[in-house]
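Visitor: Working from the sequences, and respecting the hints, build out all of it.
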Amino acid sequence: MQWMKNLFIWILIIGFMILAFNVFSSSNRESAVKTPINTILELAEEGKLKEVKIKDNTLVGITTEGQKVETGLPPGTDIVGKLMEKGVRVEVAVQEHGGWWLTFLISWLPILLFIGIWIYMMRQVSGGGGGGARGAFSFGKSRAKVYIDEKPKVTLNDVAGMDEVKEEVKEIIEYLKDPVRFQRLGGRPPKGVLLYGEPGVGKTLLAKAIAGEAHVPFISVSGSDFVEMFVGVGAARVRDLFETAKKHAPCIIFIDEIDAVGRSRGAFNIGGGHDEREQTLNQLLVEMDGFDTSEGIIVIAATNRPDILDPALLRPGRFDRQIFIPKPDVKGRYEILKVHAKNKKLAPNVDLEIVARATPGFNGADLENVLNEAALLAARKGKDAIEMEDIEEAIDRITMGLERKGMVISPKEKEKIAYHEAGHAIMSLMVPGSDALHKVSIIPRGMALGVTQQLPIDDKHMYDKQDLMGRLVVLFGGRVAEEIFYGKDGITTGAENDLQRATELAYRMVSMWGMSESVGPVAVRRVANPFLGGMTTSIDISEELRRSIDEEVRKILTEAYETAKTIVESYKEPLKAVVKKLLEKETISCEEFIEVLRLYGVEVKNECKKEEFKKEESKQEEKITV
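Everything in the sequence shown is counted per this note's numbering, starting at 3 for the first residue and increasing by one.
Be a bit skeptical, because a hint or two may be false.
[Said to hold, decoys possible] The calculated lysine-lysine pairs, modelled on DSSO-like cross-linking and capped at a C-alpha distance of 30 Å, are:
(1) K249 to K193
(2) K70 to K50
(3) K574 to K557
(4) K36 to K57
I should point out that these hints are in silico values taken from the structure, not numbers from a laboratory. Quick caveat, the model's predicted, so the values are computed rather than measured.
Guide: Quick look at the structure:
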């Protein structure tokens, strides 16, 4: 039996440790020379005896040369007085009556303590627990969490903003519910499904929803759980994981962050290294090849880095399907907000459409965080419901940071900030095709001294040259306003970020997108990895081409700057009135901004809001009910 084997091993280990301790102790114990009592007295006469200690009829002395001598004292022997007369220091120990157990405790306590510490460390290394799957030396047992009785309660109704992806995974759900239906025609369901996308888009949530819809056991494990310092442990855990899945089939195996164990062997093991990660990956490949799809096991993996996965994982027969989960568009963000708002108490003035438009680039996790922050802010203020201002403040806190209310800004500096932000705002209203203006604020937040917020009418997936030139004009609006109202010597450092973004955009137009007639359709830069922040790399080019690119970039930036300058010079007086109001209120909305402009007869080209998809949805519902 296994427990008897383990007991025998522990007995051998403990016996060996006791023997080693005794040998070590005896080897280190100082030995005393057995000496007759007469010799002891002679040493005392000659002045060669330094001190003695008497205990339990045993005399132990130390000579002047440092040698230890020992002799027994017969009962009734009076030697103490003789030794003290010769100048020997005598120490008589009182006889202790603690019993045998005290002696045993003093002798064996260090040994027992050492053994206890050793057993504890071994149990911790082996995964804890007494016996069975988590007992001693059970390194190779999988750390997966198995949900059998309590299956995931998440369904596809809880997943919003990815309608196409949900349609794609419905086939997997149908197979898990009725495998015979697909096997009848000779079809082979996918063995594995790879979900990839940026962090927070809902990969893990979608996997749980699949299991919740199919009503099958859900076995969840992280890719990092396979990686250990001991060689072979990862491979053993992979084998145990699939053995567990076969016992609970039909089921779903979910491997989160599979890139921790599935990295490309060629790219990361130059020279053909045979490390622990490679063995684990090989075992995973073998297991995915080994199980039969008729068993009803589906492997779902999630990653943020599909570009570094080993090609052997992505071939047909392993991860047959690779589903990209994008960031939600404006309609998707609206649907996600509705899901997360179910358990939130919202005030009547909350418009989730505006929130969706105000959060471009936000994923599901970001949107959930927005509503959570808004709930905390409303509770902090003692409100009974979450109001629109709480949500807007939450968005500002997440995107720009906290308000720096204690920051002291001089009136002159505050006025320059107001002109800077008013310059950006007027561009968003007067440049055709620009994103709609939402609000202008001169309240410092994070590292920004002010902010001009725009709401995209819809999410664009591609931009023409006119759109990009309009964006450059908006970026230059703040610097141009400073120059016109304060002169060239009055420009500030506040446009640092605007100039950086404008220069980067212009370089992309010329060197990546071929939007220059003089340079031509040439791409000398590329995005290396969109999942790592969009880092760009360049190819080797001639000095002549590099000079042409620089000249064209400067030409594009100058043209946009002059356009912004013309707009600001045309509306100097209305801008002064806007700045005055902005200094009074610190934050003004798009409607308030346009109201001031219309007092001066200015007709804006971009309204605050143009279309509402909620109205379109209601119209469609009316058509259906008719």
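Visitor: Decide, hint by hint, whether the structure agrees.
Guide: Structure-based check of each hint:
As the CA atoms of K249 and K193 are separated by approximately 17 Å, the hinted pair is consistent with the 30 Å bound. Taking the CA atoms of K70 and K50, the gap is near 12 Å; set against the 30 Å cutoff, the hint holds. Between the alpha carbons of K574 and K557 the distance comes to roughly 26 Å, so the proposed pair stays at or under 30 Å and holds. Using a Cα cut-off of 30 Å, the hinted pair K36 and K57 holds, with the two alpha carbons roughly 16 Å apart.
Violated hints for the displayed structure: none, as all numbered hints are satisfied.
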